[in-house]
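**Student:** Given the sequences, and given the hints that come with them, work out the whole structure.
Spelled out, the chains give:
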Amino acid sequence: MTFSRLTAGAACAALAIALLAGDAGAHGFAGARFFPATILTDDPFVADELSLPTVAGSPRDADGAHEFSLDWDLAKRITPDLGISFGQGWKYLKPSGSPAVTGLDAFHAGLDYQLFRDGPREAIGLVGLHASFGHTGRIAVGAPDFTTLSPTVAFGKGFGDLPQSLSWLRPIAITGNMSVDFPTKTTSADTTNPNNFNYGFAFEYSLEYLQRQVRDVGLRPPFNRMIPLVEVAFTTGLNRDAGGQTVGTVQPGIIWAGQFVQVGAEVILPATRSTGRGFGGVVQLHFYLDDLFPGSIGRPIFGN
Amino acid sequence: MRWVLFGLIIALGAGEASAHAFLDHAVPPVGATVAASPSTLQLFFSEPIEPSFSGVAVATAGGQPVTTGAAAADPNNPAALVLPLPQLKPGRYRVRWHVVSVDTHRTEGSFEFSVGQ
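Just so you know, the sequences run in chain order G and F. Just so it is clear: in the first sequence, position 97 is 97 by this note's numbering, and no numbers are missing. Just so it is clear: in the second sequence, position 7 is 7 by this note's numbering, and no numbers are missing.
FYI, nobody ran anything at the bench for these hints, they're computed from the structure. Given the structure is predicted, the values throughout are model-derived calculations rather than measurements. A hint or two may mislead.
What the hints assert, rightly or not - Partial list, computed: chain G residues near chain F (C-beta under 8 Å):
#1 Gly31
#2 Pro59
#3 Asp63
#4 Gln213
#5 Arg215
Every residue gets a Cβ at the ideal spot worked out from N, C-alpha and C, and that includes glycine.
**Tutor:** Here it is as structure tokens:
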């Protein structure tokens, strides 16, 4: 079976499953706090949402190569607290001194469970198992010939419970995630495949929260639905040839969260010398399927 | 393939869209200080709401509940709730609201306003 058939089959199966769906809910809510779907770091909630597309131009890497990517990701709730996600990207890679190559990156999927949602404390937590599958993309653009399993934890915390004297800080929220990569092969061709520790955070200041929870400062559309944020994400090699090496990016940007879609844009800055140099950018269009289709594919498959 | 899939999703779900109801604005405004006690509290949302599944409560800054009238829909605006208020003494008040939009999504929030301070 070719990979495009595999992708098409998986997508159609998910769509068929989705059409059997149950009721509404979802979104990244914990009490009055709305957590947007962030671009770089994993979200701490299960949802019925679609990112299509995510377009990124990365900074030049340490070897001088640069790349562009076009990705999609779909998240679907099976029950109100259990969700699956999957996606894939297409990549243009231009190594320094070599011709450009293009092709699909690895197909990835995840199974996530919503551990808790604490409304009064605006806290939310999730555990999951994510996988990036080998032989599902073109090795020349960096797709692996091995599968990687990554147990994940993610959390979110809004600061709406701060005292009145600190009310201007209430719109702040932090989300974060941590995972460890377990590759199913320790070596590929002439390179080793290390275990990696991945960690990332998003620091948000929600103008929407400020406007409707703290003080009506007169913001009008589109500013009253904007969330300025800074995302950071790092990967540290734990063993083999990558032990102790860290790569990562810092990504300041803005997310505009509308009624049915959100749009995000961030600048990509290398955080370490080995990550690369210069800067890149990423934009994302993100659909809230639970709002677009509350009676069908926007509902969990089982339960309300 | 991706666009075909999304086209399928759009085609199969078209026409049923609604959304979470966010508070758009309030009278008295969120965080504002008003000179005199308002006779009503008005909440305006981004989506039409189901009044029978929605509610508003007012309390003093110390947490003492304020006895109000029943929250009711605004007959001229399906996205608004109106809460009759008693004569409020000068001070700070906290409003807690929850609403269910017409597509059954529930949202909630709270804010403060002050009278005569």
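**Student:** All the hints need checking, so say for each whether the structure fits it.
**Tutor:** Cross-check of the supplied hints:
1. Gly31: OK, holds: Gly31/G within 8 Å of chain F, min 6 Å.
2. Pro59: violated (26 Å)
3. Asp63: violated (30 Å)
4. Gln213: holds (5 Å)
5. Arg215: holds (3 Å)
Of the hints listed earlier, those the structure fails to meet are numbers 2, 3, in rising order.
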